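Visitor: Could you put together the complete structure from these sequences and hints?
Read in the UniProt record's numbering, the sequence shown has 117 at position 117, and its numbers run on one by one without any break.
What you were told as hints is all true, and nothing was included just to trick you.
In the SDA-like style, the derived pairs of lysine to any residue whose C-alpha atoms are separated by at most 20 Å in a straight line are:
1. K78 to M1
2. K84 to L39
3. K65 to E20
4. K84 to T57
5. K84 to V94
6. K78 to D6
7. K36 to A90
8. K65 to L21
9. K65 to S10
10. K36 to D48
11. K65 to V14
12. K15 to L63
13. K15 to A25
14. K92 to A71
15. K65 to M1
16. K65 to W17
17. K65 to V86
18. K92 to Y72
19. K84 to P29
20. K92 to P26
21. K36 to M1
22. K36 to D6
23. K36 to V9
24. K15 to N27
25. K36 to E62
26. K65 to M18
27. K65 to T89
28. K65 to P97
29. K36 to V83
30. K92 to R64
31. K78 to F2
32. K78 to T57
33. K15 to Q59
34. K15 to Q66
35. K36 to S10
36. K65 to T35
37. K36 to P50
38. K84 to T35
39. K36 to N82
40. K84 to Y72
Worth flagging that the hints you see were computed from the coordinates, not collected in a lab.
Please read all numbers here as calculations on a predicted model, not as lab measurements.
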Amino acid sequence: MFSTDDNSVSASLVKQWMPELRRFAPNVPIVLVGTKLDLRDHRAYLADHPGASAITTAQGEELRKQIGAAAYIECSSKTQQNVKAVFDTAIKVVLQPPRRREVMAARKKTRRSSGCSIM
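Guide: Right, dumping it as structure tokens:
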């Protein structure tokens, strides 16, 4: 989960949280959820937070591919937009997990781009 109203969160997701998930839950499918969807186009909020840069749906999808998540969905708990869809997606991913080959290919791609070598 990350907030769509803060573009800096994606870096910590890739660098901090994904290695931890891969270590402690290596075979668990991931559903990437972008929260606070209502703030993405909220002019007053963006005016009150100078320098705030929202993450677009396309950027969220790219992040999903980068980390090898099974799905990406955006929601707003304030407006209830897509909240049910988040749970429906999670259930679907658990009942029909992605093919292992697809997940492994995405993970290898992420590892190569991290600049980390294991000897």
